[in-house]
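Here the protein sequences line up with chains F and Y, keeping their order.
Take the first sequence: its position 228, counting from 1, is numbered 228 in UniProt numbering, and each next residue is one higher.
Take the second sequence: its position 28, counting from 1, is numbered 28 in UniProt numbering, and each next residue is one higher.
Just so you know, nobody snuck in bad clues.
Among chain Y residues calculated to face chain F with C-beta under 8 Å, some are: (1) N80; (2) V189; (3) H225.
Rather than coming from a laboratory, the hints here were simulated on the basis of the structure.
Computed from a prediction, not measured in an experiment: that's the story for all the values here.
In this text, a Cβ means the ideal position worked out from N, Cα and C, and glycines have one as well.
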Amino acid sequence: PWLLVLLILLCWSVTDTKRVNETWGNPARATQDDPHHQTNSTGHKKAFPVLSFHYEEVKKPLEISLWILLALLMKLGFHIIPRVSNVVPESCLLIFVGLLVGGIIKAIGGEAPGLDAKLFFYYLLPPIILDAGYFLPIRPFTENLGTILVFAVVGTLWNAFFIGGMMYGVLDLLSCLLFGSIISAVDPVAVLAVFEEIHINELLHILVFGESLLNDAVTVVLYHLFKEFAHAGTVTVADAFLGVVCFFVVSLGGIMVGAIYGILGAFTSRFTAHTRVIEPLFVFLYSYMAYLSAEVFHLSGIMSLIACGVVMRPYVEANISHKSYTTIKYFLKMWSSVSETLIFIFLGVSTVAGPHAWNWTFVIVTVILCLVSRVLGVIGLTYIINKFRIVKLTKKDQFIVAYGGLRGAIAFSLGFLLTDSDMKNLFLTAIITVIFFTVFVQGMTIRPLVELLAVKKKKESKGSINEEIHTQFLDHLLTGIEDICGHYGHHHWKDKLNRFNKAYVKRWLIRGERSTEPQLISFYNKMEMKQAMMLVESGSAAKLPTIVSSVSMQNIQTKGPARRRAIPSISKSREEEIRKILRANLQKTRQRLRSYSRHDLLIDPFEDVSEVRFRKQRVEMERRMSHYLTVPAKSQETPPVRKVCFESEHQIYTYDDSESPRGSAQASRPHPSSPDAVSLLDESPQRPSQRGALRTRGDAEVRAKAPDDKEEQDQLKLSRCLSDPGPKKDEEEDGSFLS
Amino acid sequence: MLLVIEHKFFPFKKKREQMCMAVNLETEILFMLLPINNVQQFLNLSKHVLYCSVCFMIMDFLLSHYSRENLENIPALANNPIRRQIIGAFFDKRNQHQNEVGSFEEIGFEQFLMVMSHFRPPTLKTTEEERETMRKEKLRFLFNMHDTDNDGTITLEEYRKAVEELLSKSGAIGQEAAKAIADAAMLEVASTNVPHMAPDDFYEGITFEHFEQILKGLEMESRMHIRFLDVDTTTMHCGRSTS
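Bound-form chain Y, shown alone (with noise of 0.2 Å):
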C-alpha cells in the first residue's frame, strides 16, 4: 500500500520524478523525499498502490494504525469545535465507498488516505461530468459527518446535535442559540424542497437529495479541498490500481 504523486513541477528536474512524503499523525509532518529507485522497493512491497491527491505516508504507518486516542491527542485540534465529529468521519466505514456501514476501531493508511481522497480540488481538465461526481462525492462526505445513525436522513435532532458542536466553543449563548439556529435551517431545508406540505405532513429529516440542493450554491467542488504545499495539483488524480 502506497501512496505515489507524479509531481510535475518540481523546479530543479528535468523529467517527471516520483516522490513520496511522510507524515507523522501524532506530531508533524516529515518529508521524505525518494527518488525513484526507492520507490519502486516500495512498490513491490504491496499489492495496492493508492493514487491519491493527498501525498503522505509514513514509513512505520504502512505496518501501524491509528485508534480514535491517537487522533484525539494531536494539540492542535483542541480548538477545533467540531473535532469529534472530523475524527468520527476517519473511522466512518461509509467514507471509504465500498459500501460498508458503521465504524472502525483503528484505520491504517488506506483508510486514511480515501478520506483524504475527498479533498481532491479539481483541475482545469476536470469535465463536467467529473466535476459533478466530485461534488456528490464531497456533499455525500459532509452528509455522512451530519447523519449519524446511518439511515439516509439527517433528522431535526441530529442537525442539532450538529449545530451544537459547531457552537460548542462559545459558551452559553452558542447552546442557547443553537437549537433555534438548527430549527430554522430545518425549515428552510424543507421549504425549499418540499414546498407545499399540508400541515399533517411530517418533513421527515433532509435527504441527500436535498442535502445537495441546499447547498448547491456553495460550489463544494472548489471549496472543500485542502492544498498541499505548492504541489502541482494538475497532475494528482486518485484510483487504485494493483501493481
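So that you can see chain F by itself, here it is in the shape it has in the complex (with noise of 0.2 Å):
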C-alpha cells in the first residue's frame, strides 16, 4: 500500500512540473513561468501565512528524492517475494517497475522523464564503473588480459560492422555503421546486474566483464566516427585511417589519465594519517575526476575510472584506515547499486515515454543480427585465441561469453545522444527492444542454461594462507626457472615490475613502515584482522559459519620434553590474581577453578545452566584464540581488540621462547611459563569427550569437568573488550582460524 501512495505521489509532483519550471527530463520541452506566484502580488498586503505550501521551492531535490525512494523500495520489495527473484533477474523486474511508473504517468497525462543522457553519463554511470574498477580482481584480469582485449576490440569490431553491413539495405551504409557501433557493445551495466546473480566461475566473468568494460574505447571512437561522417557522407582511406589512430589515443589517453590521478590519489593518501574522515572523498573525487577529464578531451571515460581504481587501490589501501576502507567500499556498492536500479527503471519509464516509430523489418532483423553476430564473433574469437591460451576455453565457456553479451543502457543513451530525428526513433526503438530482449530473455534463462550445463560456478573460498603462500612461492618459482633458461617469459616481466613497484612507488606512496611490507604479510595482517572483526561481532552474537575442528597450536608445535603430561607449576600468588578477577567479572555463577595442579581441584559435578553455557562459549573463544597468532605490533594503527586481549593470551600460549617483544599490557611472562601453558592446555581425557558433547548443538548438559583457568581468563579479557556482561547464548561451532 506504501509504495502506491508513494507512486502516486511521484506522478502528482511529474505532472506538477508541467505547469512549471521544467528542468528534468527532456531539456527541449518548452519552459514558461509559473503563474502561481503572480496572482498573490497585486492587491492589498494579505496577512501574515502562518502555514504555507512552498512546493516549487523544494520541487528539484524532492522529486529526485522521491525517484531515489521509489527505486530503494522497489529493490527492496523484489527481495521481499523470494520466489519472483529466484526467476526473475532484478534487472527486468525493475525496467518492468519503469514500464509501469511510466504508464501510470502517461496515463495521467504528464510526461514521464526520459533518461536524459547528460544525467546518466554524468552522474549515474561513473559509480558503477567506479565499484567495478575498484574492486576489479586483478590476478585473473591481468592473466586474462590479452583474450578480453581481443574480445573486446576485434569482437565489438566485427559486431558493428557486421551489423552495419547486413543492414545496408534499410538505410545508407553510414546510418547503419552507425547504428551498428551503437548497438554492438555489451553492457557493464547489464552484464554486471546479470552475472552477479548467478554466480559463475571466476574466468567466464572476468571474461565478459572485462570485455563489457574495455569495449567502450572501441564504441566511443566508432561512435564519433560515424556521427561525424553521417553528416559528411562519405569515408575516405585517410579517415579510416585518422580512426585508427583515434582509437589507440582514446584508449591509451584515457588509461594514462586515470593512472595520473590514481597516482595522485594514491599519493594524497599518503598524508591523511590525521585527517582520516575525508580519506574516503579524496578516492571518490579523484576517480570521478579523472572519469570528468577524460569526458572533457572525449576519451574513454571508462577506462581512464577503472585505471584509477585499480592503480589508487594497493597504495591507498595501505594508507587509510580500517574505518574508511569500509566506508569506501560501502559507498561504492550503495552508489552503485542505487545508480544500477535508477537507470533500470528510467529504461522502462523512457520506453513508455519516447517517441517511437516502429518497423517491424528492421527491429526483427536487429535482434536476430545482434544474436548472430555475437554467436559468430565469440566461436571465431575463440578458435584464434584458443591457440595462444594456456587453459583453453571450452564450447561451454563460448556459449556463456556470447550468451551473456548483454546490451544495455549505455547503447541507449548514445542513441538518445543522437541529434537527426526520424532516424533517431527509429534507432531508438530498435535499441530499446534489443536491450529489453536482451536483458529480459537472456538475462532470465541464463541462470537456467547455466544450472543446465552444469558451468563452474565460484568457488567459495575463502582466504587461505597456504594458497596465498604458495601462489607467491610459485611466482618466485617460476620466475627463478625462466631466469635459470635465460627465457624472459612472463613471471620475469612481472617479476621486474613488481620489484619496481617495491623499490619505487610503493616509498612514495606509502606512508611509514607498511611502503616495505611483503604482499604475505599483508595478506596475513589483513587475515588477521578479519578474524578479529569476526571475533568481535561473534561475541554479540552472530553466527560464525565456520568447520569444527578442534586443531589447536598445541596439536601441531612441537612440545618436545613437554609431550607427557607436565605437572604444572603455577604459582600460587598467580591462582589466586585469577579467581580475584574471576571472581569480580563472572556473574551469579559458583567459582571453580579448574586446573590439573598439584592443588587441591574443586570439582562440582552440578554445573549451572548458564555455567554451561559460558564454558562453551570460553573453550570456543579459547579454541579461537589458540589459533590466533599475532604477527608484533608494529606502529600502524590497529584496532584496540587486538592489542588488548588477544595479545596477552597470545603470552601464554605460545609455546616457542617469546624472543618477539610485545608491548602487552600485561609484563612478559617469563620462561617458566610456558611449561605451565602447556600443562594448562593438556587435558584430561575428559577434554575430548566434552569438546564432542561441545559439538553436538543442544541444551546443557552435564559436564564433568570444567575448562581450566587460562579459558576463563580469556573469556574474562575478552568479555571486557567486548564490553559484554556475561555468559550468552552462544551455541555456534567454533572454528579453526583460517578454514
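Bring the two chains, given one by one in their own frames, into a single complex with the hints.
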C-alpha cells in the first residue's frame, strides 16, 4: 500500500512539473514561468501566513529524492518476495516497474521524464564503473588480459561492421554503421546486474565483464567517427586511418589520465593520517575527476575510471584506516546499487515516454543480427585465441560468453544523443527492443542454462594462507626457472615490475613502514584483521559459519620434553589473582577454578545452565584464540581489540620462546610460563568428550570437568574488551582460524 | 641424449619440422634451428631420446655437466628469494622419477630436462586422468622442494624454513613474521585435514595427501607451467624412448 501512495505522489509531482519550470528530463521541453506567484503580488497586504505551501522551492530535490526512494523501495520489495527474485533477475523487475511508472504517468497525462543522457553519463554511470574498477580482481584480469582485449576490440568491431553491413539495405551505409556501432557494445551495467546473480566461475565472469569495460574505447571511437561522417556522407581511407589512430589515442589516453589521477590519489592518501574522516572523499573525487577529465577530451571515460581505481587501490589501502576502507567499500556499493536501480527504472520509463517509430523489419532484423553476430564473433575469436591460451576455452565457456553479451543503457543513451530526429526514433526503438530482449530473455534464461550446462560455479574460497604462500612461491619458482633458462617470459617481466614497484613506487606512495611490507605479510595481517572483526562480532551473538575443528596450536607444536603430561607449576599468587578476577567478573555463577595442578581441585559435578553456556563460549573463545597468532604489532594502527586482548593471551599460549617483544598490557611472562601453558592445555581424557559434547548443538549437558582457568581468564579478558556482560546464548560451533 | 620438439606451428614451413634449440645455462639462450638431417645425426649419437616440452639443449652441454656453482652464478637469479630451493630442486634425485633419493653433485642435460618436464602445460587433448597425473606430479615437485629431509612429511620446522626463505628478501620484518605465518599455515592444514584432533595428538607434518588437499584450489596443472617462446605446446609431449 505504501508503494502505491509513493507512486501516486511521484506521479503527481511529475505532472506538477508541467506547469512550472521543467528542468528534469527532456531539455527540449518548453518552459514557462509559473503563474501562481503572480496572483498574490497584486492587491492589499495580506495577513502573515502561518502555514503555507511552497512546493516549488523544494520541487527539484524532492523529485530526485522521491525517484531514488521509489527505486530503492522497489528493490527492497523484490527481495521480500523470494520466489520472484529467484526466477527473474532484478534488472527485469526494475524495468518492469519503470514501465509501470511510465504508464501511470502517461495515463495521468503528465510527461514522463526520459533517461537524460547527461544525467546518465555524468551521474549514474560513474559510480557503477568505479565500483567495478576499484574492486576488479587484478590477478584473473591480467592473466586473461589478452583474451579480454581481443574480445573487446576485435569482437566489438566485428559486431559493428557485421550488423551495419547487413542492414545496408534498409538505410544508407553510414547510418547503418552508426547504428551498428551503437548497438554492438556489450554493456557493463547489464552484465554486472545479471552475472552477479548467477555466480559463475571467475574466469567467465572476468572475460565477459572485462570485455564490457574495455570495449568502451572502441564504442566511443566508432560512435564519434560515424556520427561525424553520417553528416559528411562519405568516408575516405584517410578518415579510416585517422579512426584507427583515434582509437589508440582514446584508449591509451584514457588509461593514462586515469593512471595519473590514481597516482595523485595515492600520493594524497599518504598524508591523511590526521584527517581520517575525509579519506574516502579523496578516492571518490579523484576518480570522478579522472572520468570527467577524460570526457573533456572525448577520451574513454570508462577506461580512465578503471585505470584510476586499479592504480590507486593498492597504495590507498595501505595508507588508509580500516574504517575508511569500509566506508569506501560500502559507499561504492551503495552508489552503484542505487545507480543501477535508477538506470533500469528509467529505461522502463523512457520506453513508455519516448517517441517511437516502430518498424517491424528493422527491429526484428536487428535482434536477429545481434545474436548471430555475437555468436559468430565469439566462436571465431575463441578459435584463434585458444591457440595462444594455456587454459583453453571450452564450448560451454564460449556459449556463456556469447550468451552473456547483454546490451543495456549505454547503447540507449548513445542513441539518445543522436540529433537526427527521424532516424533517432527508429534507432531508439530498435535499441530498446534489443535491450529488452537481451535483458529479459537472455537475463532470465541464463540462470537455468548455467545449471543445465553445469558450468563451473564460483568457488567459495575464504582466504587461505596456504594458497597465498604457494601462489607467491610459485611466482618466484617460475621466475627462477625462467631466469635459469634465460627466457624472458611472462613471469620475468611481472617480477621486474613488482621489484620496481617495491623499490620506487611504494616508497613514494605508501606512508611509513608499510611501504616495505611484503605482500604475504599484508595478506596475513588482513586475515588477522578479518578474524579479529569476526571475533568481535561473534561476541555479540552473531553466527559464524565455520568448520568444527579441535585443532589448536598444541597439536602442531613440538612439545619436546613437554610432550608427556607435565605437572604444572602455576604459582599460587597467580592463581589467586585469577580467582580474584573471576570473582569480580563472573555473574552469579559459582567460581570454579579448574586446574590440573598439585593443588586441590574443586570439582563440582552440578553445573549451572549459565555456567555451561559460559563454558561453551569460553572453550570456543579459547580455541579461536589459540589459533590466533599475532604478528608483532608495528606502528600501524590496529583495533584496540587486538592489542589488549589477544596479545596477552598469546603470551600464554606460545610454546616458543617469546623472542619477539610484544608491547602487551601485561608484563611479559618469564619462561617458566611455558610449561604452565603446556599443562594448562593438557587435558584430562574428559576433554575430548567435552568437546565432543560441545559439538552437539544441544541444551546444557552436565559436564564433569570444566575447562581450566586459563579459558576463564580468556573469556574475561574478551568480555572486558567487548564490554559484554556475562554469558550469552552462544551455541554455535567454533571454528579454526583459517578454514 | 637429445631433445626433439615437433613444432607444428612453424610459420614458413609447410610440413612438420623438427627443430632443436639450444641453451647456455650460464649466460643466455642460443637458438639454433637444425634441419632434419642434422637432427638425425644427433639421434645417432645417443641411445636415449627424450621428448620434452622444454626444448633447450646445448651442443656442448651434451658432454658437460653442471654443478651447483654454475647455477648459482646466474646473475638473474640473484634477486630470487627462493633461489637455493630452486637450485636444490634441480639436483634432487627425487625429481628424476627413478625412485632414488639424495642429491646429485652434478647434473647433466637429461636430469635438467627431467626437472623441466614438470613444467609442461596441459592441452586441449589432455584427458582428465592425464590432468590428474600432471597435477600430482607438479604437486610432488613442490612437495619435494619443501620436504628437505625426505621423510615424507613437511614438518613445522621445514615449513617455517620455507616461509622464511620466501620472505628472505624482506629484511627484518619478514623474518619475524615468517614464523607466525608458517604456524598459521600449518594450523590451517591440520584443521582442514584432520579436524578432530584430541589435544594430546600431535600433527606430525603435512603429508603429500594433505598437501594435495590444501592446494587443490590452485589448479596446479594450469598454473605451474613455463611458456617457451610461442612454440605450439599442443604438439609437445614428454616421454622416453630409445632409438
